[in-house]
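Asker: Residues per chain, in single letters:
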Amino acid sequence: MTENIPIWRIKYLPKSLDEVCGRSKVKNRLKEYIKSENFPHLLLLGSEGIGKKTIAKLFCQEFLGSFYEPNFKIVYADVPLTSEERAKARSEAHYSTSKIGRLAGKTITTPAFIHVKIKPFVSIKAMGDVPFKILIVKNFETLGSNQQGFRRLMESFGSNCRMILISHNTSGIIDPIKSRCQLIMVPPVDIEEFKIMIATIAKNENLTIDNETIEHLYKITKGKIAKAIDLLQITSISDNNVKIDNLYENSMVFQNNLIRSLLLMTFKGQFHKARELSRKIQSNYKYSVQDLFLLLYNELSKLPLSTYSLSLLINMIADADFRAIDGRDSDIQISSLLSKLCYYSEFL
Amino acid sequence: MSESVLNKMPWVEKYRPKSMSEMALPSAKLKGHKIELAEELRKFIKTFFREKRAINQKNQSIKSFNRLHGEKEQKKLFKLSQDRVAILLEGPPGVGKTSIVYALANDLNLDVIETNASDVRTKKSLESKLTETVKTRGIMDYLTQSKDKIILIDEIDGLYGVADKGAVPTILTIIDTTQFPIIMCSNEYKQSLQPLYNKIHKLEINPLSSDETLRIIKQILKKEKITNVQEGIINSIIEKNHGDLRGMINDLQGISQGSIGKLNSELINSLHRDSTEEIFMVIRDLFEEVSTLKQAKVLTNKSDVDYNFLYKWVNENIPSFIKLNSELVVAYENLSIADQIFGRIQKNQYWSTLPYFYDLFAGGVTLAQKSKRDNHGFKKVSFPRYRSTGMFSLTANERLVVEKINKKYEISEIEAIQDFLPFLRVLSGTSRKQLKLVSDWLELDATEKKILKSDSEK
Ligand SMILES: Nc1ncnc2c1ncn2[C@@H]1O[C@H](COP(=O)(O)OP(=O)(O)O)[C@@H](O)[C@H]1O
Ligand SMILES: [Mg+2]
Chain A
349 MTENIPIWRI KYLPKSLDEV CGRSKVKNRL KEYIKSENFP HLLLLGSEGI
399 GKKTIAKLFC QEFLGSFYEP NFKIVYADVP LTSEERAKAR SEAHYSTSKI
449 GRLAGKTITT PAFIHVKIKP FVSIKAMGDV PFKILIVKNF ETLGSNQQGF
499 RRLMESFGSN CRMILISHNT SGIIDPIKSR CQLIMVPPVD IEEFKIMIAT
549 IAKNENLTID NETIEHLYKI TKGKIAKAID LLQITSISDN NVKIDNLYEN
599 SMVFQNNLIR SLLLMTFKGQ FHKARELSRK IQSNYKYSVQ DLFLLLYNEL
649 SKLPLSTYSL SLLINMIADA DFRAIDGRDS DIQISSLLSK LCYYSEFL
Chain B
4 MSESVLNKMP WVEKYRPKSM SEMALPSAKL KGHKIELAEE LRKFIKTFFR
54 EKRAINQKNQ SIKSFNRLHG EKEQKKLFKL SQDRVAILLE GPPGVGKTSI
104 VYALANDLNL DVIETNASDV RTKKSLESKL TETVKTRGIM DYLTQSKDKI
154 ILIDEIDGLY GVADKGAVPT ILTIIDTTQF PIIMCSNEYK QSLQPLYNKI
204 HKLEINPLSS DETLRIIKQI LKKEKITNVQ EGIINSIIEK NHGDLRGMIN
254 DLQGISQGSI GKLNSELINS LHRDSTEEIF MVIRDLFEEV STLKQAKVLT
304 NKSDVDYNFL YKWVNENIPS FIKLNSELVV AYENLSIADQ IFGRIQKNQY
354 WSTLPYFYDL FAGGVTLAQK SKRDNHGFKK VSFPRYRSTG MFSLTANERL
404 VVEKINKKYE ISEIEAIQDF LPFLRVLSGT SRKQLKLVSD WLELDATEKK
454 ILKSDSEK
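The listed protein sequences derive, respectively, from chains A and B. Sequential numbering from 349 applies to the first sequence in the numbering used here. Sequential numbering from 4 applies to the second sequence in the numbering used here.
Next up, chain B with everything else stripped away, as it sits in the complex (with noise of 0.2 Å):
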């Protein structure tokens, strides 16, 4: 690459750790054990393989034996299980888990073939971008000798589908067909990805230490040949970004490349951003730019950010942009109208009603502001983390606990959780003694227990 295209890209591109050498290496875990993450990847690939080979061939004579004879006679053929095939890799944004199979596979001379919640967006590409590579080694592979591949099935959850479980039964299937091992990677747990969290391992991988994370961020400014970068600003840098090494690295970026002088704390608080970095720019354009309804379709229509995400994008951040209660509420008529009209596009399929809804969600939400909007200061963009299921549903330890009480006192699972444990908080709250004696009679254990503990811990 050529000097001039180098220092266009952004660091966190540049500085992409190209072999596992160049890696601060994350701790991770496995079923709640320390692992060796970069061992434990290697193996798996390794194991992969040769485990494949040894299935391939073993079928093969399988095939020839059942082509010879009939239908009662034939064998079965073998499978490899699928968490020899697939693994996860679950942690939050920026410690490297993309990087890692990247790097990897560098090391062993492998190819990648990613998708990522940004290039798939149906369940229908996802099949034809993977299920055909991954069944059959092409026969431009034979003859060319190409190399193997890992496929890595990236921002999992992020991708189009996982909501409403489509994509989880293709994934299955894939693994179930691959001729090359998969590792997925995912920033948290979801509910819907459950039945992949049943079949194959997930490694859990912490956020980076501040040591290993000021390492490359000394070994970039060297490379950079900056020097006016004090030792204080560095490690603001590195407290305030949680163990993200991307954010770590952009921010410095950021505060490199801008003039200098104004290089303080303020500054660097002031950089915010996220791996969806394209809809935070959507959202603070919509609010403090915007300022006729036109423009906000061309926002909207131009970002090929889904509408269906959008919407709550906007739902979640209208509190940090429209300060004034006046016009909070007119921003909320104009999306609760929205939101009804859509739901009714879904429900009946009223399909001509879409363009309200774009007008009402985005412009009529943004133009909502009618005092001087404040663009001093940075507002944060926050993700809409909030997601009620508009169901019933228990967590595993909720479950666990009231079939216990079930076993002593009939009661049902919705009165148990906004009735009898709501008494039961208050009733441990008044003393350890009864705080034990309570849990000894549900013969609840350390976990279960911790349900009694006030709601302000939770």
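The following block holds chain A by itself, in its conformation from the complex (with noise of 0.2 Å):
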């Protein structure tokens, strides 16, 4: 490595599909299309954080080599059109030229988020020597109703660009994308594999760290190689020697302790500070309602209470966050919620 990359999840990103780590019948499936030049839509599911987008990027490249660039493309579904896109959006909208029938004289708007991020690609003609070029949906489910807007274009456009949609679960995603897609699960690396990449990084990086350490930062970051590999080079930095302490220690630093502190404050009953927290945790973070309930959500299920307790609780989340989809100022609904948790508390 000429390049010494201060931030080690770069650094030890896997340059080809060799190099992920573990996943071999993914990869071999993988291999296979490559030698084939061909594909057919595929649908890739499996838990956060585990590598899907990574095999996927590097599939992509090994698959279109030296006409990778302007073959390719990702689009994240869950980051919202900026302003000036979705002004672009309204001012391409077109009039149907067909003079008889339904469509006769009516506006026809596509979904903004397809007509401005997918359309383009996919109908522009793939460049050079590859039989087709190659889109990539993240986070597929987010796009709820906008999914039934991939329909046709996967047949239409289909056989100039294939797409690798990418998702948690298949629950989110409507039957008409699954019955278009080959379904490929990405399991989490296991940790044997694991435990190889880890012990290499660390003879690379000269620290000593020992198996059952290493177990811990497997169980602790739950198989996500990022989180994983940014714990392990925080750690480190205080100590060459890796120990188990630390990586808890550590580990804490990134967990969102402030949603703890969060609910803490509420159970103290300083409503106040409390909502204080919360906007500033929302504005830094830019968490949506939506995100900020779930949160309190999964942090409340790691507190030490009683089921009736936990029970309660989270009917008033879901409840508040039933509330945030019909108000108009969700500031209202979340100050609403902490103002129960900060009540309600006293009596648990």
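It cannot be assumed that every hint is accurate.
Output of the computed footprint for chain B on chain A, the stretches with three or more beta carbons under 8 Å from beta carbons of chain B [what the hints assert, rightly or not]:
| hint | stretch |
| --- | --- |
| 1 | 574 to 583 |
| 2 | 609 to 623 |
| 3 | 632 to 645 |
The hints are simulated quantities; they were obtained by calculation from the structure and are not laboratory data. Remember, it's a predicted structure, so these values are computed and weren't measured experimentally. Every residue, glycine too, gets a C-beta built ideally from N, C-alpha and C.
Both chains are sitting in their own frames, so use the hints and assemble them into the complex.
Answerer: Below you can see the structure in the form of structure tokens.
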């Protein structure tokens, strides 16, 4: 490695499919596709942070070879359009030119997301010596009803552009899309492969880390590779000898302990402070209301509470989440939830 | 004006500067460079009239040419560039934004046509008030040789429709058609005004310095023949108002016209105001005076504060007035349902449910106070500053940083903000060396680098 990259998760990013740790079944399947120079639309499924995107990207690189750049695009379905993009979509909505029939004189609008981010790429012809171009859509399930728009696109532009859709689960994906794709489950890296990978990094960085500590690292990070490497790097800064205790200490920094402080504040009944903190968390991390409720919910489940109390509190969060969908001002619904937590936690 | 009228006037109006010579001049910046505010504005107005006159003349002959020629040969009319037509003054309240426009107009012998957030509430009325006035010089103007005018669009950030961009296109059209220069004032940066910022110059006005304000305050005290206000009190007034001269003058009037015996700093600190005086009063009355649903209804009906705003103000201020958690929970239950109802009204046009909305957010909230109200001590009413956009959007700096990261490491904006940047902050927080390594490798410049400093500094 000539360039010294100061961020390990990037430094140790695999450069080819072969370098991806574990997951040999998936890799072999993909290599078959490369050999046969063909593959159907794919739907990659697997839990968060285990490397679906990394694998998919490397696959595309190897499949498209030197024509990778112009024929590849990755789109994140959960990132909303900017206001300029929305304006563009609006301004390009066009009138139907047909003079008779149902569409006569109507404005035809494709969903803005598809119009701006998908259509232009899939409709332009593939360049160079490749069978087709490839589009990756990450977090596909978050598209909701916009998924419908992909049905036609996958058919009419399928021969020009294959899609690799990535999602955490199948339940959020509409049936017609599933039926157009080959489903591939990407499992988390298994512990043995994980050990080899961490040991390699440790050797390269002159760290000592024992077997047991690596196992803990795996457990804490639930097999999310980038997270594990982040944690390893932070822990190694204070001591080249990586120990379990230090690992735990540092992992607390990453966990959203802001969310925990928020909960604890409400348990102490400090409404005003809690609201200030929740606003700060939201604006710093750009969490949506739904994100925030979900984080609170996850954090709550980690606390040592009786089943009864827990279900009561979860009920409150669910209720607030539900009301926020109806309401106009999510800050009110968040404040309302916090006030409930402040008050009712006195009785738990 | 008769003596008695003058005596009843609020001092801020009585002593509103009539000429530039009576003003304390705040310092100001244009694109980060210090400028002479008065000079800049004078230049802006004069140049406008000069260039407009020249262009009008040219257009006159083009128009006569066009009348005589076919469609193909039509020539285009000249137009002044937008930044020569309009200018924006941005600065905190009470530093003299509005005053400077009137003072200048007076000095240059111009009339001011003003619209501000309190008189123009809809896009329609904005149009009807300005569009016609600005387009043509009315026949009467020619006949009476009336004065030239300045258009003042004051408090543009509070203008109805600004939040949803409705007002901005209207203003842009006005800029394109006006025969008079336009000066706009605003308290703060507004995302939705971006299309304007792109096209016109923004003069950023700083709070007034203590020396300058002291000078004005002393003049006023002298004119009012008041001699018994101690230096210390004046200083504390100056200090607490952070360069807001309007605030200082109001405080001054408050203490000088109250019973002088009680003059102490506690009293001064209990005086509080904001440009949105009315809404403050409504909120205060709502929480402190109202004791039945009916009273609450009368109060909210009477005030012409938009209920759209009012219920957000209620949300912001509940914790100042209601301290018991048992009461907070009731107040918020009602407000939360009110919000839900409001949402459904907006979505499905269930207007018949509007009365519930009113009752719940006003009476329902304030009457949650069961315990004896603690009306002692001054409670601060605050402006609903926090606004959740409900949408993921990045600040300009964040966007730049995410782009830089993406040159080296493929990652979505959301992952960058919620996952990767927090890690980089922890990493760069371990030592200066790490900070340098990370920011050098990502090729961040000094401003972008700030994003790596820890949360607490934000
Ligand atoms: N720079 C100033 N010089 C003199 N008086 C000022 C100045 N700034 C504010 N004032 C006083 O405060 C009052 C309100 O000022 P105004 O121009 O309306 O502030 P803004 O428009 O910036 O909120 C004026 O009537 C005047 O009495
Ligand atoms: Mg003003």
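Asker: Take the hints in turn and mark each one as holding or not.
Answerer: Evaluated hints:
By the rule of at least three residues with a Cβ nearer than 8 Å to a Cβ of chain B, the coverage given for the stretch 574 to 583 of chain A holds, with 3 such residues. For the stretch 609 to 623 of chain A, the stated coverage by chain B is satisfied: 4 residues place a CB nearer than 8 Å to a CB of that chain, which reaches the threshold of 3. By the rule of at least three residues with a Cβ nearer than 8 Å to a Cβ of chain B, the coverage given for the stretch 632 to 645 of chain A holds, with 6 such residues.
Consistency note: the structure conflicts with none of the earlier hints.
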